[in-house]
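Chains as they are written, first to last, in the working numbering: chain A, 3 to 288; chain B, 196 to 528.
To be clear, the hints were calculated from the coordinates, so they are not data collected in a lab. Some hints here could point you the wrong way.
What the hints assert, rightly or not - Facing chain B, according to a computed beta carbon distance under 8 Å, are these residues of chain A, among others:
(1) P87
(2) L88
(3) A99
Said to hold, decoys possible - Restraint ranges, calculated between C-beta atoms of paired labels, are given here:
(4) A/L165 - B/I398: 44 to 52 Å
(5) A/L256 - B/Y298: 27 to 35 Å
(6) B/R335 - A/I145: 29 to 37 Å
(7) A/L67 - B/V393: 44 to 52 Å
Each residue gets a CB set at the ideal place from its N, CA and C atoms; glycine is no exception.
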Amino acid sequence: MALLSAIIGGILFGGSLALLAYGLNLAFGVLNIIHFFYGQGIMLGLYLIFTLTVWFDVPLIVSCLVAVAVIVALHVVVHLGVIQPLLKAPLINQFLALASIIIILENSAMGVWGATYRGVPITLPVLNIYELYIRTSNLIAFIGSLIVIGLLYLFLNKTYTGLAIRATAQDREMASIMGIKPRRIYLITLALVGVLAGIAAAFYALVYAVHPHWGGTFTLMAFVTVVLGGLGNLSGGFLAALIIGVVMMVASFLTIPEGGPIAVYLIFLIVILLRPEGLLGVRARA
Amino acid sequence: MKRLANLPTGLLLFILLLAIIFPFVGLPLYFTHTIILIFIWGAVTTAWSYMGRFWMISLCHGAWVGIAAYTTVLLFNFYHLSPWIGLWLGLLAVAIAAGVIGYACFRFGLVGHYFAVTTLVVTELVALVIIAFRDITDGRLGITVKPLRTAPLYFQFESKVPFYFMALGLLLLSLYIWRKIDQSKMKKALTAIDEDEVAAASIGINVVRNKTTVAVISAVIAGMGGVIYAQYIMYLNPVTTVAIGASLAYVFMAILGGMFTMWGPLIGAIIITGLEEYIRVTFGTVLMGWAWVCYGFIIIVMIIFLPKGLYGTLIETLHKRRMQKAARESATP
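Please model the entire structure based on the sequences and the hints provided.
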């Protein structure tokens, strides 16, 4: 029964992981960058929600909205200041510039909030269905993520801007011939990624207590999901997220807390070496 | 030009002489401490640049430092095996790990982003495994070497001087190997591979072997740095010496100084380690975090405007000026 609980916990975790992976996938597909400070952006959002609700007594919903706005602003600033000047530079330069944003965000968080765990002290009840224990906060994050993913799907398939983003992801030059301005699309995409990160932060606010080095694991997990699902393959990413969630929770349950990430990273190494197009993917364009 | 890029021999000998008499002039021990750290991190960063200069961005040098250091320390703590013997086992472990990871990555053609992220995952994996075996490694708390006071047979000295010369020796070794690689056929092969891997393979260059060789050499030197660091500080922590932060720090030092030149990585290490120690002592650890925030901004500005690093840009400017002067002289009879 406890194992079943772990599996359900894994599926719930996988849902929100899918949301994270979509953001990374978008950034990679459209701008061809690895959005390296993704987890740190979410970490900043969690700290903002904590500060506003606990220190300034702002209602949780309002502070979540503020956090989303700030994370979007962060993404726009980084795009204009760092990514745009480096779009033509070697890939590694972009990678390292984004990596140094990790250093900036983590050390700033350390300086402002210190190294202790900070969490919003609201505990939602734990559901008990025939001995299966499910945390309501996880359930909310899972359902919320599904809704956001659905909305994202509609946005990318039904609106002009969304279609322009997908067109740019498929073929930059062709899209610009068709009258799509790549620079504008890049900016919109990164803002969209910021929205996803902000929403993820809002869902995680009730699940996790945050500390300055919280984000790195989530970026890596999301990246592993993207690679397993296949870069640029949005539906593959969802299944990969569920698989990773379940593997992680079950491995942690059966062994030690570190067992989960270790199992996931090992799977990642095997997959990236033997099937770099992803478990479910078609072979990506070179 | 050749002489400028490699610094005049006289100046080099003078600096070396200064370095040798430095621990005996009676400056505060703190300076010696900082310089030992600079030597160690300078060597590790130089080792990183063996690969980095061919655009193989490895983010697992923290892991190599950690594997060698932890192997040596654990063998000593649990089996009382002298680190002088243990270090060879540690380096062997690093060489095997780097060989396997390198071979796997290069055999399956991981380059650019993919190589960087894969090595990053390897680093996280090593850090997590160290944390997971908390019964023997003390997990996140970090491990302390059992102190024996001065015991030369067990690689422990109360004086800083032996460590100073070992670190200096390692630094010189790492620079010497840089030179050797620079003059070797391997450099030409790796440059060709960097430009176009398929074309290089088609003219008979063994891509996998060349890349794996340089990866193993680089990892072993980093491992030596780890061993000396562990014996000198007598404390190891998986988060600060192994994980992502440490691995990125070497990369940043190399970029700041200039990763395509022989002296660049060392200069980066001098600037970052020196500033870090200065700020830590003068203003305390709180400000050190903010100093890192500043480094982050500086690195971004450097990557955008000076991708060749401080020393690299300086050398290039001097070179250009010389060429212009030579051109002018040859133009006017």
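To test your reading of the hints: which numbers does this structure violate? Structure breaks no hint.
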